[in-house]
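> Chains as they are written, first to last, in the numbering used here: chain E, 2 to 97; chain G, 2 to 97.
Hints may be right or wrong, so weigh each one.
Identical copies carry no separate label here, and so any pair may be met within one copy or between two of them.
List time: in silico BS3-like cross-link candidates among lysine-lysine, alpha-carbon distance up to 25 Å [said to hold, decoys possible]: (1) K38 <-> K88; (2) K88 <-> K12; (3) K48 <-> K88.
It is worth saying that the hints were derived from the structure and are not from the lab.
There are 2 protein chains.
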Amino acid sequence: MIRHTVVFTLKHASGSAEERAFLDAALVLDAIPGVQKFERLRQVSPKADYTFGFSMEFADQAAYQAYNDHPDHVAFVRDRWLPEVAKFQEIDYVAL
Amino acid sequence: MIRHTVVFTLKHASGSAEERAFLDAALVLDAIPGVQKFERLRQVSPKADYTFGFSMEFADQAAYQAYNDHPDHVAFVRDRWLPEVAKFQEIDYVAL
Numbered sequence: 002m003i004r005h006t007v008v009f010t011l012k013h014a015s016g017s018a019e020e021r022a023f024l025d026a027a028l029v030l031d032a033i034p035g036v037q038k039f040e041r042l043r044q045v046s047p048k049a050d051y052t053f054g055f056s057m058e059f060a061d062q063a064a065y066q067a068y069n070d071h072p073d074h075v076a077f078v079r080d081r082w083l084p085e086v087a088k089f090q091e092i093d094y095v096a097l
Numbered sequence: 002m003i004r005h006t007v008v009f010t011l012k013h014a015s016g017s018a019e020e021r022a023f024l025d026a027a028l029v030l031d032a033i034p035g036v037q038k039f040e041r042l043r044q045v046s047p048k049a050d051y052t053f054g055f056s057m058e059f060a061d062q063a064a065y066q067a068y069n070d071h072p073d074h075v076a077f078v079r080d081r082w083l084p085e086v087a088k089f090q091e092i093d094y095v096a097l
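Build out the structure end to end from the sequences listed, making use of the hints.
And the structure:
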């Protein structure tokens, strides 16, 4: 199991229609083959300067790579992520 | 549900006995009342400069606070975390 997470802050105002549209658009990622346990999350620690998070799991590295290469992921990164995300940190986990 | 995570790097050498001892000592956290889904994880993204992670869930803020205040957590932070962790980032999530 590989857990792929990204914690991020949007350029949009909190509670805005643009923020909601971005978070809704991200649901396309959940439909990509191999994606398991897809979650859209709110980051709530005052010790972290990020607002949202996505988390998903893959059975193995091949499934993760297929997700990265999938046209729906490539389009989401190009059309939504890069123009609308102000800052982010990727964190990926495997069991110890 | 609140998911409390922390991604971190130890001062110890990779694969050292000291590293193993720290990770084993952290199991005391799993026994604290209210802690659910405790995980010890290896951080594997080359885009993140951290080596390990812990993840756990709490039913609500009261359970999270009780964990923070629990003597076994206080002792772990004082005796292991502060002296042995080189850098860390806390990230906490709730469902969107």
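> Are the hints correct? Go through all of them and say.
Cross-check of the supplied hints:
1. K38 <-> K88: within (24 Å within a copy, 29 Å between copies)
2. K88 <-> K12: within (9 Å within a copy, 27 Å between copies)
3. K48 <-> K88: both (16 Å within a copy, 13 Å between copies)
In the structure shown, no violation is registered for any of the earlier numbered hints.
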